[in-house]
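From first to last, the protein sequence lines stand for chains Z and H. For what it's worth, my numbering labels the leading residue of the first sequence as 326, then goes sequentially. For what it's worth, my numbering labels the leading residue of the second sequence as 273, then goes sequentially.
Treat the hints as calculated values from the structure; they're not laboratory data. Note that this is a predicted model, so its numbers are computed, not measured. Some hints could be false.
What follows is a list of derived Cβ distance ranges for each label pair [to be verified]: (1) H/Glu317 / Z/Arg362: 23 to 31 Å; (2) Z/Pro345 / H/Ser392: 30 to 38 Å; (3) Z/Ala360 / H/Ser392: 32 to 40 Å.
So the derived list for chain H, only partly shown, Cβ under 7 Å to chain Z, looks like this [unchecked claim]: (4) Trp389; (5) Leu457; (6) His458.
Idealized CB from N, CA, C, for every residue including glycine.
In case you want the letters, here they are:
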Amino acid sequence: MLRLQCRQAARLLSEGMDRPLAATERWPLQFHLLACRNCRNYEKQIDFLRRAVRGYGAHGLEEPPA
Amino acid sequence: MRVPPDGPWSAYDPPSMVDQEVIAALRPELLRFARLQLRDAAAAEDAVQEALLAALRNTGQYQGRAQVRAWVFGILRHKIVDLIRQQHRSVNASALGAEGEEAEGALDALFDSSGHWTLSGRPQGWNDPDAALHQKDFWDVFDACLNHLPENTARVFMMREFLEFETPEVCRELGITANHCHVILHRARLALRQCLERGWFGPGAREAAC
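Here chain H stands alone, though its shape is the one from the complex:
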């Protein structure tokens, strides 16, 4: 994104070239997230553009890359929440159904016939998981685990957890029953937890210490 010399922010401190590049580099990730939540490419594009523009107008406040990212994602989150509330749309119910059948198979492997965790499925103890939140490599694994979720499952989960919709609102927006909602969220948590254990927290998940 290049700033025209007589652009709309002539009344403000223009964003530095570094800020512009940092912000522009977020675009693919923002788009991916917006498309996942909005399922409308044009609306996603608009939301991301607005978030990027708002970010560029406020670059004087940034103290580092992490703040830029948090700021831009925060703006995008608000725009997506507003859009979802304005426009009621249903998730593809048959896609949810198909995803559900596949997930049930995966869930079966976690519990045995008497309802206990199986040996391969049981949650192990994680040592100081919050420390992982400060490590970039962890977030790469986390992103991969999110991307591994079926698309509609990921959408419901992020709507609940990242956009922080209350559960009744999630169900209402997507046109599904409360029970169905709970089932999807449950599956998402089971899958994510297992993925993180395999990819990060479990024994042998990481070859070398950071």
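Okay, chain Z solo, but in the shape it has when bound:
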């Protein structure tokens, strides 16, 4: 099994947001994420980026929606 470095894992995490990953990419990535908190953080944060941008036009909310 190919051991990924963080640099490669980060690249795959980003690509996974734009195209389906192949099984040969997905498994080494999941394996890496099990052991790497930094990359787990990165995964969560780029997911958050997507949510933030999708809500970009709506910002200006004065308070949380009901």
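Chain H: place on chain Z using the hints.
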């Protein structure tokens, strides 16, 4: 923007002065976004005008400032998507190249020679990031981070994430390879994430609690 007394909406409830002002105040921001995506000042101007007019015709539906903003941006987004699809234009490929070289340097600082995150580059844990989406100060930081991206990088990123083009369409519209597309999006995410951590989520980023 002033409403003529016998304007085109005499058949509708005319927009209140407050609505007019709120909508007109969005214009600079809408223009900036449209210019970034369309790169044609005249087309951007037209798209923004249409969005503002459409918004003014529908002011009866608004329940607050946030709704106005979301509505107007939504209209603008649709117009921009239509325009981009109608007119195929290439991004300035040499500008992308130059931006790329600069970005590679910045990326190098994030990973060491064995491919691990560096101490200064590694993503830290963020505490409840979605709560930040309800805070105006956060969006000021977010805007600043977007503006800090190189122009063509920002354009590709917003085309993908805000206009929600599928990746093959982004690449096709801009006349770049799929790999190049992925590289640009990857760089954009790395840069934005780091900027948000430095400016908001990281320890010491905010002096006082809201």
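Hint by hint, here is what the structure shows:
1. H/Glu317 / Z/Arg362: 23 to 31 Å: 48 Å, violated
2. Z/Pro345 / H/Ser392: 30 to 38 Å: Holds, since Z/Pro345 and H/Ser392 (Cβ atoms, about 33 Å apart) stay within the stated range.
3. Z/Ala360 / H/Ser392: 32 to 40 Å: 21 Å, violated
4. Trp389: Because about 5 Å separates H/Trp389 from the closest Cβ in chain Z, which is inside the 7 Å limit, the hint holds.
5. Leu457: This hint holds: H/Leu457 lies near chain Z, its Cβ roughly 6 Å from the closest one there, short of 7 Å.
6. His458: 4 Å, holds
Hint compliance for this structure: hints 1, 3 are not met, and every other hint is.
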